[in-house]
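Just so you know, the protein sequences line up as chains A and B, in that order. Residues in the first sequence are numbered from 1 upward in steps of one, following this note's numbering. Residues in the second sequence are numbered from 1001 upward in steps of one, following this note's numbering.
What the hints contain is simulated information worked out from the structure, not anything from laboratory work. Wrong hints could be hidden among the right ones.
Said to hold, decoys possible - Distance ranges between label pairs, derived from CB positions:
hint, chain 1, residue 1, chain 2, residue 2, range
1, B, E1117, A, D299, 34 to 40 Å
2, A, G290, B, E1087, 51 to 57 Å
3, B, Y1306, A, Q84, 34 to 40 Å
4, A, E159, B, G1301, 57 to 63 Å
Since we're looking at a predicted model, the values are computed, not measured. Every residue, glycine too, gets a C-beta built ideally from N, C-alpha and C.
There are 2 protein chains.
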Amino acid sequence: MKKIDIVISEVGPRDGLQNISAIMPLPAKKIWVSALATAGLREIEVGSFVPARILPQLADTAELVTHAQTITGLTVAVLVPNYQGAENAVRAGVDKITIPFSASETHCLANVNRSHEQMLEEVRKIVELLKTLPARQRPIFEGGISTAFGCTLEGHVPEKKILELATSLMAAGCDEVGLSDTTGYADPAQVRRLVGAVKAEVGNNNLTGLHLHNTRGLGLANALAALDAGITTLDSSLGGLGGCPFAPGASGNIVTEDLVYMLESMGLRTGINLEKLIETRQIVQAALPGETMFGFIPDAGLPIGY
Amino acid sequence: MKKIDIVISEVGPRDGLQNISAIMPLPAKKIWVSALATAGLREIEVGSFVPARILPQLADTAELVTHAQTITGLTVAVLVPNYQGAENAVRAGVDKITIPFSASETHCLANVNRSHEQMLEEVRKIVELLKTLPARQRPIFEGGISTAFGCTLEGHVPEKKILELATSLMAAGCDEVGLSDTTGYADPAQVRRLVGAVKAEVGNNNLTGLHLHNTRGLGLANALAALDAGITTLDSSLGGLGGCPFAPGASGNIVTEDLVYMLESMGLRTGINLEKLIETRQIVQAALPGETMFGFIPDAGLPIGY
Chain A
1 MKKIDIVISE VGPRDGLQNI SAIMPLPAKK IWVSALATAG LREIEVGSFV PARILPQLAD
61 TAELVTHAQT ITGLTVAVLV PNYQGAENAV RAGVDKITIP FSASETHCLA NVNRSHEQML
121 EEVRKIVELL KTLPARQRPI FEGGISTAFG CTLEGHVPEK KILELATSLM AAGCDEVGLS
181 DTTGYADPAQ VRRLVGAVKA EVGNNNLTGL HLHNTRGLGL ANALAALDAG ITTLDSSLGG
241 LGGCPFAPGA SGNIVTEDLV YMLESMGLRT GINLEKLIET RQIVQAALPG ETMFGFIPDA
301 GLPIGY
Chain B
1001 MKKIDIVISE VGPRDGLQNI SAIMPLPAKK IWVSALATAG LREIEVGSFV PARILPQLAD
1061 TAELVTHAQT ITGLTVAVLV PNYQGAENAV RAGVDKITIP FSASETHCLA NVNRSHEQML
1121 EEVRKIVELL KTLPARQRPI FEGGISTAFG CTLEGHVPEK KILELATSLM AAGCDEVGLS
1181 DTTGYADPAQ VRRLVGAVKA EVGNNNLTGL HLHNTRGLGL ANALAALDAG ITTLDSSLGG
1241 LGGCPFAPGA SGNIVTEDLV YMLESMGLRT GINLEKLIET RQIVQAALPG ETMFGFIPDA
1301 GLPIGY
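Whole structure, please, built from the sequences with the hints as guidance.
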């Protein structure tokens, strides 16, 4: 496998589909995930283990995990809101589990109806579960700190709060923490500052990934700032599908196609073939007719000599 | 006047309007320019001194300059393609003249029908003209190197070519040079590299401004890279109006509203009131009904506590 500089974690099948009312049929999801992997994606968040009554769009996550696990070299990631979700994820055999943990307690209660202390207790229980697994079968467990750059309910979230949470999550047994700009509030200076501070707190290798939104158009500028701060994994979604349904007014992931274009233009290797990636848009468009897909590079085309 | 960190040079009245077939009436232009200045813009490119048969949209540039000169503290900038344009600009009494000089000779010929040597001769003639003026009346003269990051006709433009041109323009008597990503080919790594190289060649204070496009979605990321490289003046246009009509497929300036939002969020002072700036969109929408205006922040709204 070729060496890469930046891992792009495609979240379209999870974050994209959960924000669309139409349900993509499982066969189309399988074709999409396979096509993304063929285009060079090494990590795909294929779904979320939440009750089907809450997110019917992701009810087939276990089956999609089973399919994705047949693809060589692919890190199959999922989101889980709680212990129950983690149990299902382990049963399905995922490679990576992220639990979203909102730094804004108001948002946390609105999103998963749990206080911070209750969430930490859930994290500890999941760690105990994972410890029972043989090392080879144990998924990576990430504590994903959401609303890390501000909250549409609480507004400013103090940096001190993020540092405390990051420390608590590592102490509870997470393998790593991530930061998520759930609300699209982040700016490049803040990204550099907060990433630096969290890395200093929990260790350089324990914060490697960011989940950024493009709500206010700063998605790629924030991604650039993240690179400067030493981030090596960036979340994005094909066509910019998705966002956070519980944060009013917030929508729009970074567009994978544009992110790949930026990184590769800068000489950073993603391992992704941009033409093949752009072709995979057709799968989504066929399976979700009428759904808006974003992105500049699919419209503008590649520069001559790219 | 309050201290500012970054000058935003609004190019909507020139670059925006020249790319729209409808002609904005002069009274609306005056109201727009005044409203932009009231919102805090310190530099506005109000037009271009080109023959009316080529750009009828900008035929009233002299009158608009006269109006703009009544606004205290505003730098009134214009584009000129040649000596004749510079003469008209001087007669109108502008504060700043930029001559676009395409680093791609193919593009230069397509755009103004002149070779590089003919363009340099034109620059020298303009310098001679400006020398005849009393120092207080002498506008700043910028050599604006266009297609500096690549050309839709020639493709890659060698860095060596840009350095040579920058040196030639300074030697010919320009006060400063600027770099323009006419085609939307720039990436952040290239911006840092090229700005650094040109500054090293002509002196730090002789390259302070960039004109970036958002054709491939990298506008704000490139602006961030420009800041890192020591750029202190950035061109943008309200609603992202405009682009370069002679570069096929290239369109879309950086959106002023989003640029101001990014800079101010980062703690950089622009002197611009974002709410007032967003209000000025209504003037354009009323005067150019049906024209698409871009921008994330006008739709998404400001974060709580901004």
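(request) Just pull the numbers of the violated hints for me, sorted ascending. (result) Number 4 - this is the single hint that the structure violates.
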